[in-house]
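Q: From first to last, the protein sequence lines stand for chains Y and R.
FYI, full-length UniProt numbering numbers position 285 of the first sequence as 285, with every residue one higher than the one before it.
FYI, full-length UniProt numbering numbers position 436 of the second sequence as 436, with every residue one higher than the one before it.
Don't take each hint at face value.
Said to hold, decoys possible - To give a feel for the contact side, a few chain R residues facing chain Y, derived at Cβ under 8 Å: (1) G40; (2) A189; (3) G191; (4) I369; (5) G372; (6) A382; (7) I385; (8) S390.
To be verified - Below, a list of computed lysine-lysine pairs in the BS3-like style, where the Cα atoms sit at most 30 Å apart: (9) R:K381 <-> Y:K202; (10) R:K458 <-> Y:K202; (11) R:K458 <-> R:K474; (12) R:K381 <-> R:K428; (13) R:K48 <-> R:K8; (14) R:K474 <-> R:K428.
Read the hints as simulated data drawn from the structure, not as lab findings.
Glycine included, each C-beta is placed from N, C-alpha and C at the ideal position.
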Amino acid sequence: MSERAYRWARDYGVYAAVLVLLLFNVLFTPHFLDASNFRTQLVQVTPVVIVALGMALVIGTQGIDLSVGSVMSLAAALVVLYLGYGWLPALAVAVLGGAVVGAAGGALVAYVGVQPIVATLALLVGVRGLANVLVPQLVEFRNPDLIALGGSSVAGVPVIVLIAAALTLVVLFLVRRSTFGRQVVAIGGNRRAAELSGLPVKRVLLTVYVISGLLAALAGVLATARLQASDPTSLGLFIELSAITAVVVGGTPLSGGRIRVVSTVMGALLMQLLSATLIKHNLPQSWTQMVQAVIILAAVYATRERGRR
Amino acid sequence: MDPVLEAKGISKRFPGVLALDGVSLALHPGEVHALVGENGAGKSTLIKVFTGVYAPDGGELSFQGRPAAFGTPLEAQRAGISTIYQEVNLVPMMSVARNLLLGREPRGRLGVIDAAVMNGEAERILAGYGVETDVRRPLRTLGVGAQQMVALARAVSVDARVVIMDEPTSSLEPREVATLFEVIRRLRAAGIAVMYVSHRLDELYQVCDRVTVLRDGRVAHTGPLAGLERLTLISLMLGRELDEVRSRGLTSFTRRRAGAGTPEPGTERAPEPRMERAAEPGTERVAEPGMERVNGQAPVVEARGLTRRHVLRGVDVTVRPGEVVGLGGLLGAGRTETAKAIVGALPLDGGRVLVAGLPLRGGSTAAAIRAGVSLLPEDRKAEGIVPTLSVRENIALAALPALARAGVVSEARIDRVVEIFMRRLRIKAASPHQLVSELSGGNQQKVLLARWLAVRPKALLLDEPTRGIDVGAKAEVQALIDELAAEGLGVLLISSDLEELVEGADRILVLRDGAVAGELSGDEVTEEKIMATIAEQPPEQEQPPERGRPGEPSRQGARPQVGERSHE
Chain Y
1 MSERAYRWAR DYGVYAAVLV LLLFNVLFTP HFLDASNFRT QLVQVTPVVI
51 VALGMALVIG TQGIDLSVGS VMSLAAALVV LYLGYGWLPA LAVAVLGGAV
101 VGAAGGALVA YVGVQPIVAT LALLVGVRGL ANVLVPQLVE FRNPDLIALG
151 GSSVAGVPVI VLIAAALTLV VLFLVRRSTF GRQVVAIGGN RRAAELSGLP
201 VKRVLLTVYV ISGLLAALAG VLATARLQAS DPTSLGLFIE LSAITAVVVG
251 GTPLSGGRIR VVSTVMGALL MQLLSATLIK HNLPQSWTQM VQAVIILAAV
301 YATRERGRR
Chain R
1 MDPVLEAKGI SKRFPGVLAL DGVSLALHPG EVHALVGENG AGKSTLIKVF
51 TGVYAPDGGE LSFQGRPAAF GTPLEAQRAG ISTIYQEVNL VPMMSVARNL
101 LLGREPRGRL GVIDAAVMNG EAERILAGYG VETDVRRPLR TLGVGAQQMV
151 ALARAVSVDA RVVIMDEPTS SLEPREVATL FEVIRRLRAA GIAVMYVSHR
201 LDELYQVCDR VTVLRDGRVA HTGPLAGLER LTLISLMLGR ELDEVRSRGL
251 TSFTRRRAGA GTPEPGTERA PEPRMERAAE PGTERVAEPG MERVNGQAPV
301 VEARGLTRRH VLRGVDVTVR PGEVVGLGGL LGAGRTETAK AIVGALPLDG
351 GRVLVAGLPL RGGSTAAAIR AGVSLLPEDR KAEGIVPTLS VRENIALAAL
401 PALARAGVVS EARIDRVVEI FMRRLRIKAA SPHQLVSELS GGNQQKVLLA
451 RWLAVRPKAL LLDEPTRGID VGAKAEVQAL IDELAAEGLG VLLISSDLEE
501 LVEGADRILV LRDGAVAGEL SGDEVTEEKI MATIAEQPPE QEQPPERGRP
551 GEPSRQGARP QVGERSHE
């Protein structure tokens with residue numbers, strides 16, 4: 001593959017794939033363009049998108065955050081526990097809980113020097129346990145505001161999709177225009193150089209994990225609102241894998257130093273569309289998984305460092 | 001006697017460099033052979049060829065009279081070539097005994113390791129190396145020196161015919177060095193060939209019989225060490241012919257050394273370590289009128305008694321505005337470490353740094369940069385560029401806070417700064433948005449210089465600023481250093497290129513073994529003088545040099561010295 005073709009594939013491959021899949025569905029899948037079907041697809045992918053935004057930042061620093069699924073379950077537990085104070089205070093507590101877990105992971109990584117995969121693996125295990133202690137079984141709730149947050153739409157677009165879109169813009173702004181975003185990318189690209197350039201490396205790393213925890217908690221609250229029930233036992237299980245997949249398929253290299261926000265969202269959409277398409281055409285779930293594996297490998301191939309250093 | 005290990009015309013090429021160019025070297029049984037050379041001379045490549053890490057591209061290797069081609073380090077080791085690296089490569093969590101006898105543990109019935117026999121044997125072996133310890137302890141609980149002895153004992157006990165030691169003393173205490181030398185002498189007596197790689201000349205003269213000097217991938221000299229003058233050895237390492245050192249005018253430094261280079265009487269740094277100063281609160285003076293002022297200029301960087309175990313022994317450095325201070329010395333003398341210590345990138349055991357008269361908080365490069373001191377690091381790839389970012393982002397990196405408002409970067413301001421510096425430094429890139437990793441080494445270096453100039457420093461520490469860049473870029477960088485100094489920037493210039501040092505610097509501090517061995521200014525700034533200062537024989541040859549133990553004055557401090565300042 002020539003250098004230009006390679007670059008094109010790396011930068012726009014995910015967009016092209018989403019486009020091709022959409023086109024295929026429009027032509028061959030009955031009722032694909034129905035508003036309700038389309039809306040369902042978007043609503044389903046929303047938690048993954050929100051979690052993947054934080055994951056993209058973490059991966060940009062050469063890190064990884066495995067704790068996101070457990071943070072979602074903790075948020076689900078906290079939000080029903082504090083729902084008596086009203087939905088907004090409950091939401092605030094849940095998001096704060098996510099930030100605290102993120103800070104714990106970030107502190108381990110940045111200040112203690114624990115490897116990100118180990119630090120967040122510990123949190124993955126422990127935080128899910130904590131959530132289960134707080135809310136041992138599925139709890140249904142009737143708070144109309146929270147239910148509305150999960151179920152209502154504005155001009156036909158579900159509120160939670162709008163929230164995800166807004167968060168995408170915020171993270172995009174952070175990465176593109178803020179000092180913080182530039183520092184995140186520089187740290188991922190060459191930590192020693194960033195340190196010698198006087199960047200607040202540890203603080204930035206800590207913040208990145210806090211943001212990831214915050215976003216995961218928010219995703220947990222939104223998913224809970226849509227379910228109209230808090231289910232810490234199974235909410236967010238394996239979502240870290242979907243989020244990492246979205247980031248990688250979007251073209252953000254695991255080696256850090258580069259963050260692609262919109263492509264990450266596209267990556268999540270691609271995986272969602274793919275499984276929806278295969279299911280609609282009566283292929284079993286196991287087929288979806290194998291096709292997804294091929295796409296992940298293709299993405300990693302396209303983003304690998306080529307003959308440098 | 002026939003050589004036990006012999007290289008004949010070995011060549012090794014890496015992309016873009018010929019690391020070894022027809023190197024021949026014979027290692028005889030019962031000799032201690034020193035291998036020396038500066039950065040990039042090819043020492044480590046040659047060792048890796050000997051130990052089977054690299055296969056040579058040309059030439060041949062023979063071991064015990066037969067042609068040898070070691071495919072892997074294990075093969076070389078099995079054949080009888082053992083290597084002791086700076087970092088001990090044993091299993092830290094396993095017991096000392098297990099490490100010592102790894103792979104050949106005494107076994108009882110059913111193939112189970114017989115711990116009692118193993119421990120007994122380990123104790124017996126180690127006693128011969130001056131290590132007395134409970135061999136059941138995990139290896140990592142031992143001191144570095146003792147760990148190294150275990151590695152050495154292991155190497156020798158596996159029937160080594162050749163032992164290669166790469167910088168074995170870099171983290172040893174003097175007492176441990178003495179033990180090591182004893183072991184080396186025993187190896188020699190036992191007919192084992194030792195290749196000793198070090199840049200500590202004192203050690204070479206104490207323990208080595210012969211020496212081979214590598215330079216730019218070739219053998220510059222090989223022969224007996226006794227009778228070889230230190231000065232000659234240094235000139236061979238640095239590649240400067242003694243009778244040619246006066247040749248001038250080949251670099252692009254044009255500025256004449258002006259008054260800034262002539263210090264007033266009493267300014268000369270005494271070379272002895274000064275760690276005791278850090279311990280005495282009474283010596284905390286911010287400025288010493290009359291001592292540090294030259295031409296009415298207060299120093300912009302004033303480092304006092306920089307001390308770090310095994311690395312720096314009370315180094316004092318003063319840089320005034322508009323002055324280029326050279327830092328000379330051999331590889332491993334502490335030049336890079338001094339620069340890193342000044343900007344807070346190297347944790348210190350003692351000493352302090354003042355920038356423009358104000359003390360700097362240690363351990364924070366951010367604080368140093370804010371105060372106005374920046375370091376252009378030696379290793380451009382590992383510590384300089386961010387390869388995934390563009391030229392533009394790399395230039396703006398350190399100055400980002402100044403180019404942003406409320407945490408939001410101003411693209412217009414970045415564009416302006418980037419344009420100014422790309423033009424001034426003539427950075428050749430397709431566009432500011434080109435990836436920095438796609439540029440040539442010279443242009444990458446200019447990008448890094450631009451990064452630092454963009455933060456408007458008061459002083460810039462340049463660690464080998466022209467290494468590995470092409471001739472044109474080298475000349476431009478040298479001219480730029482002159483220009484910046486003329487504009488009032490204080491510059492600390494580290495260079496292994498003596499010519500660059502002599503022509504670029506107003507004043508030169510020569511480091512040796514982590515301490516200032518002398519200061520040259522005015523007419524003394526010559527290549528000859530630098531080499532002579534490096535070669536100066538420290539006293540007490542028999543005693544291995546004391547290395548910076550915080551709070552413990554070194555013996556070398558007692559040495560009489562011209563211009564020595566009395567201790568407070």
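Q: May I ask which of the numbered hints given earlier this structure violates, with the numbers listed in increasing order?
A: 1, 2, 3, 5, 8
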